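Visitor: The residues making up each chain are set out below.
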Amino acid sequence: MCRIGSIKSRTPIPPSMALKLMLPQQEGHDNSGFAMVMQDLAGVFSPYKEKPLLSLACNDKGKQIVSDYMDKKGFVQVFQWIPELHLRPGLKIEAMPAYVFRNYDYPESMRNADRREREDLLLDTRLALRNLLQKDGNGFVYSFWPDVLTLKEIGDPADIADCFGLWDDTERLLSKNIVSQCRQNTNYAIVRYAAHPFFLQGYTLCANGENTFYTKNMEFQKSLHRGYIGFESDSQNFLYTLHYVLRELKWPIKYYKHVITPLPFVELEKRRDKKELSLIRESLAHLEINGPNTVIGLLPEGQMITCCDSKKLRPVVVGGNDQMVAVTSEVCGLNTIMPDRDASKDIYPHEREMVVIDNDLAVQRWNQ
Amino acid sequence: MESVRTQDVSSNDLPWKIVYFPERCTMCGSCVAACTFNAIEAVMARRSLTVSRKAFPEPVREHMARPVIQRKAGLRNVCVGCGMCEKICPNAAIAPVRNVDSRFPLLARNEGPIKRGGRTNLNAQRTLDSIIVGRISQMTDPSLDSERHTFDIRSPFGRVLRSRELPFRVEGDNLVLTEKTPPVHWIYPAIFSDMSVGALSTRAWEAVALATAYLNEKHNMPVRMCTGEGGVPIKLLESERLKYVILQIASGHFGWNRIIKTLPRMRTDPAGILIKIGQGAKPGDGGLLPAAKVAPHIQSIRGVPRADLLSPPNHQGLYSIEESVQKMHLSLNAAFGFRVPVAIKCAASATSVSVYNNLLRDPYKICGGFFMDGIQGGTGAANEVSLDHTGHPIVSKLRDCYLAAVAQGLQGEIPLWAGGGIGMTGNAAADAFKMLCLGANGVIMAKIVIQLLGCVGNERGRCNSCSTDKCPTGICTQDPRLVRRLDIDRGAENIVKYMLAFDSELRKLLAPVGNSSLPVGRSDALVSTDRAVADKLGIQYAC
Numbered sequence: 014m015c016r017i018g019s020i021k022s023r024t025p026i027p028p029s030m031a032l033k034l035m036l037p038q039q040e041g042h043d044n045s046g047f048a049m050v051m052q053d054l055a056g057v058f059s060p061y062k063e064k065p066l067l068s069l070a071c072n073d074k075g076k077q078i079v080s081d082y083m084d085k086k087g088f089v090q091v092f093q094w095i096p097e098l099h100l101r102p103g104l105k106i107e108a109m110p111a112y113v114f115r116n117y118d119y120p121e122s123m124r125n126a127d128r129r130e131r132e133d134l135l136l137d138t139r140l141a142l143r144n145l146l147q148k149d150g151n152g153f154v155y156s157f158w159p160d161v162l163t164l165k166e167i168g169d170p171a172d173i174a175d176c177f178g179l180w181d182d183t184e185r186l187l188s189k190n191i192v193s194q195c196r197q198n199t200n201y202a203i204v205r206y207a208a209h210p211f212f213l214q215g216y217t218l219c220a221n222g223e224n225t226f227y228t229k230n231m232e233f234q235k236s237l238h239r240g241y242i243g244f245e246s247d248s249q250n251f252l253y254t255l256h257y258v259l260r261e262l263k264w265p266i267k268y269y270k271h272v273i274t275p276l277p278f279v280e281l282e283k284r285r286d287k288k289e290l291s292l293i294r295e296s297l298a299h300l301e302i303n304g305p306n307t308v309i310g311l312l313p314e315g316q317m318i319t320c321c322d323s324k325k326l327r328p329v330v331v332g333g334n335d336q337m338v339a340v341t342s343e344v345c346g347l348n349t350i351m352p353d354r355d356a357s358k359d360i361y362p363h364e365r366e367m368v369v370i371d372n373d374l375a376v377q378r379w380n381q
Numbered sequence: 274m275e276s277v278r279t280q281d282v283s284s285n286d287l288p289w290k291i292v293y294f295p296e297r298c299t300m301c302g303s304c305v306a307a308c309t310f311n312a313i314e315a316v317m318a319r320r321s322l323t324v325s326r327k328a329f330p331e332p333v334r335e336h337m338a339r340p341v342i343q344r345k346a347g348l349r350n351v352c353v354g355c356g357m358c359e360k361i362c363p364n365a366a367i368a369p370v371r372n373v374d375s376r377f378p379l380l381a382r383n384e385g386p387i388k389r390g391g392r393t394n395l396n397a398q399r400t401l402d403s404i405i406v407g408r409i410s411q412m413t414d415p416s417l418d419s420e421r422h423t424f425d426i427r428s429p430f431g432r433v434l435r436s437r438e439l440p441f442r443v444e445g446d447n448l449v450l451t452e453k454t455p456p457v458h459w460i461y462p463a464i465f466s467d468m469s470v471g472a473l474s475t476r477a478w479e480a481v482a483l484a485t486a487y488l489n490e491k492h493n494m495p496v497r498m499c500t501g502e503g504g505v506p507i508k509l510l511e512s513e514r515l516k517y518v519i520l521q522i523a524s525g526h527f528g529w530n531r532i533i534k535t536l537p538r539m540r541t542d543p544a545g546i547l548i549k550i551g552q553g554a555k556p557g558d559g560g561l562l563p564a565a566k567v568a569p570h571i572q573s574i575r576g577v578p579r580a581d582l583l584s585p586p587n588h589q590g591l592y593s594i595e596e597s598v599q600k601m602h603l604s605l606n607a608a609f610g611f612r613v614p615v616a617i618k619c620a621a622s623a624t625s626v627s628v629y630n631n632l633l634r635d636p637y638k639i640c641g642g643f644f645m646d647g648i649q650g651g652t653g654a655a656n657e658v659s660l661d662h663t664g665h666p667i668v669s670k671l672r673d674c675y676l677a678a679v680a681q682g683l684q685g686e687i688p689l690w691a692g693g694g695i696g697m698t699g700n701a702a703a704d705a706f707k708m709l710c711l712g713a714n715g716v717i718m719a720k721i722v723i724q725l726l727g728c729v730g731n732e733r734g735r736c737n738s739c740s741t742d743k744c745p746t747g748i749c750t751q752d753p754r755l756v757r758r759l760d761i762d763r764g765a766e767n768i769v770k771y772m773l774a775f776d777s778e779l780r781k782l783l784a785p786v787g788n789s790s791l792p793v794g795r796s797d798a799l800v801s802t803d804r805a806v807a808d809k810l811g812i813q814y815a816c
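Protein chains in written order, with my numbering: chain A, 14 to 381; chain B, 274 to 816.
The set of hints was computed from the structure by calculation and includes no laboratory data. Every value quoted in this text rests on a predicted model; they were computed, and no experiment measured them. Warning: the hint list may mix true and false statements.
Far from chain A, some chain B residues (derived; all Cβ distances over 12 Å) [as the list claims (entries may be wrong)]: (1) 429; (2) 446; (3) 454; (4) 567; (5) 679; (6) 683; (7) 684; (8) 712; (9) 758.
In silico SDA-like pairs for lysine to any residue, Cα to Cα no more than 25 Å straight-line [said to hold, decoys possible]: (10) A:235 / B:770; (11) A:324 / B:770; (12) A:105 / A:120; (13) A:76 / A:125; (14) A:324 / B:782; (15) A:288 / B:443; (16) B:491 / B:770; (17) B:491 / A:235; (18) A:288 / B:770; (19) B:491 / A:280.
Partial list, derived from the structure: chain B residues whose beta carbon lies under 7 Å from chain A [what the hints assert, rightly or not]: (20) 452; (21) 456; (22) 594; (23) 794.
We treat Cβ as the ideally placed atom computed from N, Cα and C, and that holds for glycine.
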């Protein structure tokens, strides 16, 4: 089972905090990778918060392909950070040759474009780069969005941290939100794109468990939006549904829970809004999930959410103090990063609950 | 050497023989009275017998005239193997046995094409039995407990809107409906399919209706029954129980005069309307209720005189799908104030995908379901050539239609209901579950329902005499003496008990794949042990 976790902090925190949250949860051979998405960045990216940031793992040829494409499309590179890799014998990591994080200025043609146009351009650019890099295996592009950084790697999470210098808490790499996952992949054909958190147009999501309605979800999502591609992991479905409900349909956030885990008909009958909920269930029946899952999401405006499947078959806990709130699979992670918090206030969301953490760290609990 | 009239029809030319044990027979005559086909008779016949007439044993072999039961010769009174003689005989003295060397198919055509009821006897292959629910939740995710968990066993019946078309307005944190939407009812994923009053006896029809109401009201199982094309008793039309009934309109429009006239007095809406274009058995052949079955009450309910009642192969006023949607769907929707889902039923065919695609483009959002019936569906009366040689297997055609909708992102918008052989081997729940995984929203069942009432017909040529008005079980006849053979309450009870078992068995299949709601389109839950089936349906091959 994947262990997932996220931290929302008043002040920017380094990735080591996420590692400290995740590593105590590691069990057995639960060590096939580490991935994280950072949002609301500080550190070296502070001056470029408005500039879309490309997160890339590639070889030299891939780097060239990306540069050529971005030049051709009129993107102007304004900043680049290439982390120094501390590779040494004995580290369990399958590192790519280069990790590139670049901020770009929008092409001149987008000067007067509205927000939606710009967001669509960023998506189409990422999809195009992915296509170009995938063709000959020259690299992976994980996100291209302002103020969002993604890192994914295969190997032992602690070794990945060593290699990337993630234990180094100098103020180089910081953010107010981190969503991360230490991965236990039951399928040995490990694909980097299959590692969550997944990112799409401002929405970040990681999930654990098995999406038993993967085929249904996937077949339906394929024709919903051009960005719903890949499907390397059955957890991508949760992201695409989140994106579809909130960004495409523009429904309030609580309806995400209604879509993925609709109320049973006996409960629906008692509701005043049964007509609306019934219509949603009818129209989006193929986006229902019906296996054991917990979802952690991060929204474009910084809200962090969590909810689980309709039978609460996968655990999740939310805990916090004045400075930060964390959501994670197992409480030992919380105990490590916030040993002095009031654990009696920890929340173990139930099967009909959604927890939303606002930017001011206010925690809302909402019952479906 | 004695000459033999080899062209005479004798018992060994016919599909069933009678085994008779005279030493057990008491000549009570029950078997003769019970045989609705008049296939056996009591006669005096010369028999060889060993007797002892003295005060002490002195066996003597004698020839004497004895009363015996024997089958009639000839093609007019053929034994159909229904076994009523065996069922009624108190001494187990008589029973029909299958004659594997029957020449009946050759001889019977002397009288013209062979007509019968039942299912195809030639294409009884079972694709669904080569499919296994093979994706079991093991460690990666937990299986559920079929007894403990709550299962949401409901399917949509009605036109489903695309999420982007839902007329919602955001008010604060809520979505509020701003316009009327097409009616969609969430019902049990098995419909008792269309068998008319006429094809069925009034008692059989009443038993099915009773079972339907009982399942709804006592067991919270919203099963619906479809009337078939034959009208509906006024009493039901004016009853609250009409809400469990899907009214059918087919090409003969039988009974609709009464239905329309009763509209102002209906206390509730029917569960739906089903426009029947065709059926799985004898597709393209229309319908036929032989004059023999058009009893006075049938004349009354259908508003017709005693005559062969032919439903034409086509709806005479329609010539295209678009027109059908515009005219029939729209007018039937309008007749019930756009409150009742209107669906359409077609025979599965090589053209089904085109039909479904066309319906999916229905701009008025008024097609509330596509019912498809495969070659293994049953019928009350048909030419055998049609039953055995026309039609289309349902499984792959259902899958084709579902995948056609998937390719366009339209799956679920017009619910797919499929039938034709569901429960043919007795386990309808397993069949239904596999059909759901392949993309059906639900299944339609008919033959199995009358089998539960006591019908003894099967796919190996037993009985299948629904067309004769001589149904030995009182199910497919209008002969009042025969109809009385059917105990309505026991028949309904059998259906109810079966459906309760069906429901439990469905849970037993949902639980190991870890699902509490119906896995419509979850083809990854299935594997097939037949490579060709796996390839055709796009599921895993397993061996």
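Visitor: A separate judgement is required for each hint: does it hold in the structure or not?
Guide: How the hints compare with the structure:
1. 429: Residue 429 (chain B) not clear of chain A: closest Cβ-Cβ about 6 Å, inside 12 Å.
2. 446: Given that some Cβ of chain A is not farther than 12 Å from that of residue 446 (chain B), nearest at about 5 Å, it is violated.
3. 454: The assertion about residue 454 (chain B) is violated, with a minimum of 6 Å to chain A.
4. 567: Given that every Cβ of chain A is farther than 12 Å from that of residue 567 (chain B), nearest at about 42 Å, it holds.
5. 679: Violated: least Cβ distance 5 Å, not greater than 12 Å.
6. 683: Given that some Cβ of chain A is not farther than 12 Å from that of residue 683 (chain B), nearest at about 8 Å, it is violated.
7. 684: Incorrect as stated: the minimum Cβ-Cβ distance to chain A is 6 Å, not above 12 Å.
8. 712: violated, 10 Å
9. 758: Residue 758 (chain B) is indeed farther than 12 Å from all Cβ atoms of chain A, at 40 Å.
10. A:235 / B:770: The hint is violated at about 42 Å.
11. A:324 / B:770: Since the Cα atoms of residue 324 (chain A) and residue 770 (chain B) sit roughly 30 Å apart, the hinted pair is violated (cutoff 25 Å).
12. A:105 / A:120: Given that 25 Å is the threshold and the Cα spacing comes to 40 Å, the pair is violated.
13. A:76 / A:125: violated, 29 Å
14. A:324 / B:782: holds, 18 Å
15. A:288 / B:443: With a Cα-Cα distance of about 15 Å, the restraint between residue 288 (chain A) and residue 443 (chain B) holds, given a limit of 25 Å.
16. B:491 / B:770: Cα-Cα ~12 Å, so holds.
17. B:491 / A:235: Violated: residue 491 (chain B) and residue 235 (chain A) sit about 42 Å apart, past 25 Å.
18. A:288 / B:770: The hint is violated at about 33 Å.
19. B:491 / A:280: holds, 19 Å
20. 452: violated, 11 Å
21. 456: violated, 11 Å
22. 594: At 23 Å from the nearest chain A Cβ, residue 594 (chain B) fails the 7 Å test, so the hint is violated.
23. 794: Result: holds, 5 Å to nearest chain A Cβ.
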